[in-house]
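Trainee: Residue numbers (our numbering), protein chains in the order written: chain Y, 9 to 261; chain Z, 256 to 545; chain X, 39 to 313.
Be careful, since some hints might not be right.
No more than 27 Å apart at the CA atoms, straight line, and that leaves these computed lysine-lysine pairs for DSSO-like [what the hints assert, rightly or not]: (1) Z:K390 <-> Z:K487; (2) X:K219 <-> Z:K260; (3) Y:K153 <-> X:K76; (4) X:K88 <-> X:K76; (5) Y:K41 <-> Y:K139; (6) Z:K260 <-> Y:K71; (7) Y:K148 <-> Y:K71; (8) X:K52 <-> Z:K446; (9) X:K47 <-> Z:K293; (10) Z:K260 <-> Z:K349; (11) Y:K153 <-> Y:K139; (12) Y:K259 <-> Y:K31; (13) Z:K311 <-> X:K76; (14) Z:K293 <-> Z:K311; (15) Y:K71 <-> Y:K139; (16) X:K165 <-> Z:K349; (17) Y:K124 <-> X:K165; (18) Y:K140 <-> X:K219; (19) X:K219 <-> Y:K148; (20) Y:K140 <-> Y:K153.
From chain Z, some residues computed to sit far from chain X (all C-beta separations above 10 Å) [unchecked claim]: (21) R263; (22) D362; (23) G466; (24) A501.
These are calculated hints, taken from the structure and not from any lab test. Every value quoted in this text rests on a predicted model; they were computed, and no experiment measured them. Virtual Cβ for every residue (Gly too), placed ideally from N, Cα, C.
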Amino acid sequence: MEKEIILETIDLSAAYGDNWVVKSVNLAVPYNKVIAIMGPSGCGKSTFIRCLNRMHELLPGTKIKGQVLLEGENIFDLPPTTVRRRIGMVFQRPNPFPTMSIYDNVLAGYILRGEKLSRAERDEIVETSLKKAFLWDEVKDSLHKRGTFLSGGQQQRLCIARALAMRPDILLLDEPTSALDPKAQAMIEELITQLKETVSIVLVTHNRAQAARVSDYTAFMYLGEIVEIGPTPQMFTAPKDPRTEEYLTGKFG
Amino acid sequence: MDGDKAFRIGLNLTAFLFILFVGITFLSLIIASGPSIKAFGWKFVISTEWDPTAGKFGALPFLTGTLLTSFLALLMSTPLAFSLALFLGIYSRKGLRFAYILDYAVDLLAGIPSVIYGLWALFFLVPVVRWMEIKMNITPFGVGIFTASLVLAIMIIPYISSISKEMVAMVPQDLLEAGMALGATDWEVVKNIIVPYCLSGFYAGILLGLGRALGETMAVTMVIGNFNGMPKDLFSPGNTMASVIANEFAEAVGDLHLSSLIQIGLWLFLVNVIVNLVGQVIVRKVSIRR
Amino acid sequence: MSTRARRIKDRIFKATILSLSLLTLLPLLLILITIISKGYSAISLDFFTKLPTPPGDPGGGILNSIVGSLLLIAIAVVISVPTGVGLGLYLSETRGPWASLVEILINTLQGIPSIVVGILAYLWIVKPLGGFSALSGGVALAIIMLPTVARATQETLIRLPTSLKEAGLSLGASYTRTIWKVILPSAMPGILSGVLLGVARIAGETAPLLFTAFGNPYLNLNPLKPVDAVPLLVFNYAMSPYSDWHQKAWGASLVLMVFILGINITIRKGPWKRR
């Protein structure tokens, strides 16, 4: 079992001020799998994954208790920049850097960190990352145009390419399709199922069908706690907890 | 991480130095006014005699000049500025093209340098006022308190109207529609809904205009007549606190003269800070209410 | 009250605010017309390339004032832009009593009469250096410009989506590099328009220059010597008894107006439109 787990939280709690929105969560993320965290809005799922790459603590007045182990090492003992380099994140709304070209957006992590790359390395990273994100064919002729002229779905895939370019071990997706149209959404879902060959994925979503379509494991989070977790087919066909069943049948959220 | 700390420290240092800077501003004015404060004490603000060659310095004529011109200017410009604010606030909401043009023009008015207002007033307003004075059978100086107030009134309109206009534009649409739905006319909506809603914004606008009028220098200096005695009436020449500094500072005779001019500057500074702070408090209260 | 009476009242009200609003346009139109008509005839190539002549002598220009104004503006920009951007950044990145204090002080500074700022520059620079100088005038103008730059920076930064900063940090970039490489470049248009707005404001300032930059009938590029400025020339020439100098004052006003209105129109219409 040990070998199969890349990231593990131990009694992880998180708060804004004195309002604890994540309560003692224990969750293990296996290598090369997609784990979906679903739950009604306000259940703490976004806050939870923002703890995993130490983004939560950036907001003023926030607190964190517990541990997050990345391949056995507590991330709170590592420099945050190292943690974030190894754990990439894609946000709800596409947020390409408006002042950078598509090319530079893919390389943004290296540019921002001041890591020097040769021309050949840069070209190689841009091409493979964009290919992995299913965006290469659409933008290969306009790499030096601004990323903000792309459609919403393309922008989001650009953001995924930007995260992949850093060759992260884990990719956190915080409701990556909630701001997109259905067609763009389908494309991103297809992409997610392909990506797990190279990276482990944690997907936060309030879209039950999406969790069912793309994930290997699903966790149901409610009021800051993980109510139930299991292989996705089992969660959707035979949930053990009555609250999970109520959520899946649309009683709340 | 060390880079981040250094950066954060740099930012805090900038802020700290800025706070220090404002403190020093105040202190250096007080210190430089010292000789004059010591020599005259409270008499400085109640004495009407300002005679640099005799070493006698009383600032009451300038205080009077500043207060007279500022309040006269407010009196003249407030009705105009509020009409403008209502007109722009109501009709640009309705998408009237002319309202946008007017809005733009008023912004341009705010951008014209004070010295150009002064130049224009000197060659345009002064002859007009002189002609008026001849008709009214009073000494036709042309320049004086009234002319200065007139040009000030024009200059502060954009300051009063801009914040008031924003307030009018912020009145919720459904509130207006509720009024209209009851069959109220535009006037009734303005009187009963818009004006009560925007009242504090109107006060803030007046304060902003007052602050600007109190400290305004060039235009006033050019048309007020630069007379160092108490003004006898609204048409007589005079001086304001700002204009006497502008006129005499570079050619001050002796340290006491300079120090007295700086003391006038100190009072100007204090009055402006107070007017400004009150205005800020009002604006803050309004923005919290929303 | 009868409907008729109410209607009449409404009509009177509308007519009043319309006519009073139009009345405010009158001075603007008068000023523009006077400046253009009187200033136009004063302007020639010589006006921009020659030094002033004594009253009565024909020809001559205002080169000394134009160069002086540019020098003063350059000094003011060099001082106020880094400080203003720093303060704006501080305000957008900080919460708490200190940040509120800084914000209040910036607003207060904006309200201080410019002539008082001139006194400060006199006390701090003219007196210790023992003479009037471009430097002292530039410092006075920098103090006047600082709040505009700081507030424009702060407002632009606050309006940037937080997701932009998060995106930078989530890639493993440090806070400092995220600010430098992502936040400040994205805020550039807003900051630039703030700087231009500040320049438009100080370009016409006269009062703080009266006893700092002081004026100079000759060309000067030494920041430690007095310089002339276009608005200063307008004042001195307007108050002189010579009609050919009055003429030049109108010409200089036209130059100044075109410069300032040009900036204002660029900011509003151009790509730097503030939202």
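Trainee: Going through the numbered hints above, which ones does this structure break? Give me the numbers in ascending order.
Mentor: 3, 7, 9, 10, 13, 15, 16, 17, 21, 22, 23, 24
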